[in-house]
Structures are given as C-alpha cells and as structure tokens.
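Student: This is what each chain is made of:
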Amino acid sequence: MTSTTDTVTESRTPRLDPLREGDKAMFRARLRNALFDELRSLFRRRKKEEGIKQKDIAARLDVDPGTISRRLKGEENVSLDWVSDIARAMDARVEVHIRPLAEIGQADHALYTWETPGKQRARREHEKPAQRPGPSAWIVRAADEHVKHAH
Amino acid sequence: MFQQEVAAQRLHLWRPHAPEPDFVARRTVLMTQEAWQQCPPDAERTAELGTDMLMNTRAALERFVGGGLLEENVHLKCLLPKDDRIWALRVIEYPQVRVLGWFGQRDIFIASHIAPRAELDKLERGRDAYDRARDKAIRQRDRNFAHLPYVNASDIHAQISHGARDDLDD
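Same order as they appear, the protein sequences are chains A and B.
Quick note: the first sequence uses the numbering used here, first residue 1, plus one each step.
Quick note: the second sequence uses the numbering used here, first residue 152, plus one each step.
Just chain B, same shape as in the assembly (with noise of 0.2 Å):
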C-alpha cells in the first residue's frame, strides 16, 4: 500500500545521496509533499534549511535509513502526547533540525515536514510552536493518509527495530 502512494507520488521515497558502497537500507523514509520539498534530493539549500541544516538532516536520515541503533529522546521522541503517536526525528547536530511524521509500519517512517529546532522553540500566539508542528503533522496523516495504517503505540521498539531507550543518565 506504501509502494501505491510512492507510485501515485502522493509519497516520495528518500534515498541517500552517494553512499558508500556497503551501504544497506535497512530502514525506509517515505516523504509527504511538502516535507520532500523542504529536503530536495539534489538541492544544497532551500529557502527554508541553509546547506547545514540540510545536509545534517541528511545525514540524520541516512543514518535512520541504514540502521543504526536509535534512542528514544536522543534520535527519536514521540512528541506530547503521546496517544498523538507524532513523532520527531531530532537531528542533534547544530543547527539543529526535527523530521516530524508517523511510522507507518515498524521501519517506516513517513516525514509529514521538516522544521528548525529554533522555530519550534519560539512561542506563536502564545502557543508552543511544536504543538501547532504536532497539530500539522496529524492534519496530514488523518486527511491526506487516513487509508493508510500506522503504528498506534509509544513505545519505540514498536516503531523500529534496532532501537533503545535512552539509559545513559544516572
């Protein structure tokens, strides 16, 4: 049902640009529209992600699409609440970046949009800006992709395989 919406390019598959040659996929991200417009394939910048934001997003999703080992708050973080099951993919390097979407299946995970850390910090109308990202983000998965199924859970190794709770404070 994913291939459907990638071949209808309602979604698009990101793929990493120049791998090495090892390099396995082991993990899918598929892109809605807008997300995919935000992190073009070959771009080196768009009006809203300078060269770093961009390419440390890339980074960020080639090491989600090859299946390293990702830890909840750290990597990933289902955003509040979290019967919303919208999930964050927090790109740690600066300037800092968040992928927020769902995960269609376990390994699947479906980028609604791309935001700035520092934008979502920042205040609007009086309301955190990651609740009105949270609120976009499950506009689109129950508007546009309501006859798609995604994994309805909060724990992260429903979400992926290979992952783990963050357990390194005291």
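For reference, chain A alone in the conformation it holds in the complex (with noise of 0.2 Å):
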C-alpha cells in the first residue's frame, strides 16, 4: 500500500533514461576538440603578441618542448590538470561554464534546409563580412523557424 507522501515524491522525480554511448562519447569530443582549440589559439595569440615559444612554456612547466608539441598537436591524451598547468604557463586560467541543454536548445539535423544560390546571395547581401568563411550554396542552414520550433 503506497501513502500519500510516497506517491508525491514519485510523481516529482524526474524519470531520467540512460545516456546512449555515443551521446556521451559525441560530447566528449566536442569538448576535447574545443579545450585543444583554445589551447591551441591561447598559445599562437602568446607567440604573436608576445614572442612566447614552446620552450619556454616547456621551461616553467619543467619538461621536454616534445612534450609541448606533441600535446598541442593532439598527439598524446591530456589530463584535466595538465590543461590547467599549461593555461597557467600561458599566464592564463581555465574557465568551467556549464550550461543546461534546455537553456541552449538542439536544432534536429532533420530541420536544416539547403540553401539556394539565390537565397545565399541575397543573404550575403544583408551580413556583414565575417572573417570565417561564408556559408556557400552546398551549405544547409537552419532556419530561424525550425530553430525555434526546437525549442
């Protein structure tokens, strides 16, 4: 027999499915690929600005400049404190936003749509120059529409 309390705090729990193995492992990588982005546009706006080189980070942090390279290319697995030294060998700190996905919202791939020469053209027409590069015809684009019938 269930009493009244127990049926309320049920009704409140939020039913909460098991993650897929390839949702985690696709927010996985997204991350790594945005902290190596980062790390990697930290250290070149160092070198630019400042004449920094791989060795000297290598000296403060007290290892081979290899190991340096070889972590910024991508070529060995990185530990979370790692990233935090190396930040902090660039006079910088890392910075931990999460954010709920609900805040965000998911535009569904199924809701892109191609966008036309004509359509890109007249587009381009209203965008300012942007220094990436510009959605070409082959390119599909969410419309604004969609995108807000996903949320």
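Treat the hints as calculated values from the structure; they're not laboratory data.
Values in this document were obtained by computation on a predicted structure and should not be read as measured data.
Every residue, glycine too, gets a C-beta built ideally from N, C-alpha and C.
Some hints here could point you the wrong way.
Partner residues aside, some chain B positions facing chain A, computed with beta carbon under 10 Å [to be verified]: (1) HIS226; (2) PRO232; (3) ARG236; (4) GLU244; (5) TYR245; (6) ASP317; (7) ASP318.
Hints given; two lone chains; assemble the complex.
Tutor: Written as structure tokens, this is what we have:
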C-alpha cells in the first residue's frame, strides 16, 4: 500500500533515461576539440604578441619541449591537471561554464534546409563580411523558424 | 555538378547531427558510398569504427563543416607525394582516425574512405598502409569521379578558407 507522501515523491522524481554511449562520446569529443582549439589559439596569441615559444612554456612546466609540441598537436592524451598547468604557464586560467541543454536548445539535423544560391546571395548582401568562411550554396543552414520550433 | 552527384546518390552530403541552434555550416563534406557506410549518420558504431572513433570522427567533421580554423599538418595533411592531392582530415582525438579524400573545390571535401590511424601505421606486405590508402583514394577519384574537378594545388589556402599553416613550433 502506497502512502500519500510516497505518491507525491514519486511524481516529482524526473524520469532520466540512460544516456546512449554515442551521445556521451559525441559530447566528450566536442569538449576536447573546443579545449584543444582554445589552447592552440591562446598559444598562437601569446607567440604573436609576446614572442613566447614552446620551449619557454616547457621550461616553466619543467618538461621536455617535445611534450608541449606533441600535446598541442593533440598527439597525446592530456589530463585535466595538464590543461590547467599549461594554461597557467601561459598566464591564463581555465574557466568552467556548464550550461543545461534546455537553455541552449538543440537543432535537429533533420530541420536543416538547403540554401539555394539565390537565397545565399540575398543573405550575404545583408550580412557583414565575416572572417570565417561564409556559407556556400552547398551548405545547409538552420532556418530561424525551425530553430524556434525546436525550442 | 556536385549537387547532381548527391542527387544521383553517388556522393552523400554529410550533415552534423543535432548541432547547436546557431550552427552555420561553412564548408561541405561529401562522402563516397564507402565513406558513408563507414560513418553512417545515425549509427553509434560500425564494424570498423567503435563508438569513440565514430563520434570523434563526427566531431571533427562537424568542426570542419562549421568553418573552424584548420591548421595544416594538425587538422589537415596533404599526403605524400603532394602531387597526388590526396588529403587526410586528421581526427586528432584518441582513438585517432583519418578521413582520406580530396577537395572537389575550395571548402568542399570529398571523403573517399575512413581508417583508424593505428591501421594506417601498419606495414602491409612490406608496404606502408598509408600508401595503400592514398592509392585507394586516387583510384576512387580517377575512376569514379573523373568527370568532377578537384583542387590541383597543395597549399592549404587553396583547399579551404580560414586555414593556417602549423606555425606553433619554435
């Protein structure tokens, strides 16, 4: 026999489905890519602005310069501690920001639409020149209404 | 012309799965039938690629399509001899994978097949597996897609926009 209290508790407990392995692996890969990009970008900036070299970073961390080179090329697995250390060696720190997916929203790939050359030209005329490559006629772009719908 | 290949299902347009809403695709990946089967859009694993490899590959493709900065010899590498114009999109996260192919035109990568790096490092009957993989890509391009153009240059800027040479080493 279930008491009233038990029933209320059960109804408030969210049903959390087990995550699929692929889902977890995809998010991990995205995180690693983003982290790696940030580190390379930071080092590039430091090198350009202050002339810092990999051997300088290596000396600060008391490791072989080859280790820095390999790790910045993604040729070795790195630990969270190492990420913090290399950021510190470049006079930076790692900031963490975790956002609930519900806040971000996720567009389903099925909602992506083809962008025709005509639409592409029209949109480019209204967009400022971007440093990154502009979408080509080949490329798909999330239509605004679809994204809103996905929310 | 590439669109016709996609319409005829000789090439497949790769799309990122469930990207963030502000994702805009700025480059294109087209896949041959073989590459498409190796990296199917809705599978979690394949016979050749386990879950981690497959998702690392997808993340790297997503990065490519999203227009991120790609560095020569880090993210993209022209296989030797460079005159063959065969490129490897390097999936640098472990377990590492290489997506081999060529550029149909600037920012359009045609992936011919996908291989785990560990396999490519092996010697097969005294021959570097990389050489076999490169030759396989050349065969695909010259036999099955000879009617399509390809970027006949080895400079990364001829292949992609927002590219850079690896200049981080001292």
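Student: Please verify that hint: B:ASP317, Cβ, nearest Cβ of chain A, below 10 Å or not.
Tutor: 8 Å, holds
Student: Restraint: B:HIS226 near chain A, CB-CB cut 10 Å. Satisfied or not?
Tutor: 9 Å, holds
Student: Interface hint check: B:GLU244, Cβ to nearest Cβ on chain A, cutoff 10 Å. Holds or violated?
Tutor: With a closest approach of 5 Å, the B:GLU244 hint holds.
Student: The hint names B:ASP318 as touching chain A; please verify it with the least Cβ-Cβ distance against 10 Å.
Tutor: 8 Å, holds
Student: Given a cut of 10 Å on the nearest C-beta pair, is the interface hint for B:TYR245 held or broken against chain A?
Tutor: With Cβ-Cβ at 5 Å, under 10 Å, it holds.
Student: Holds or violated: B:PRO232 as interface residue toward chain A, Cβ cutoff 10 Å?
Tutor: 23 Å, violated
Student: Go through the hint on B:ARG236 and say holds or violated, using the shortest Cβ distance to chain A against 10 Å.
Tutor: 20 Å, violated
Of the hints listed earlier, those the structure fails to meet are numbers 2 and 3, in rising order.
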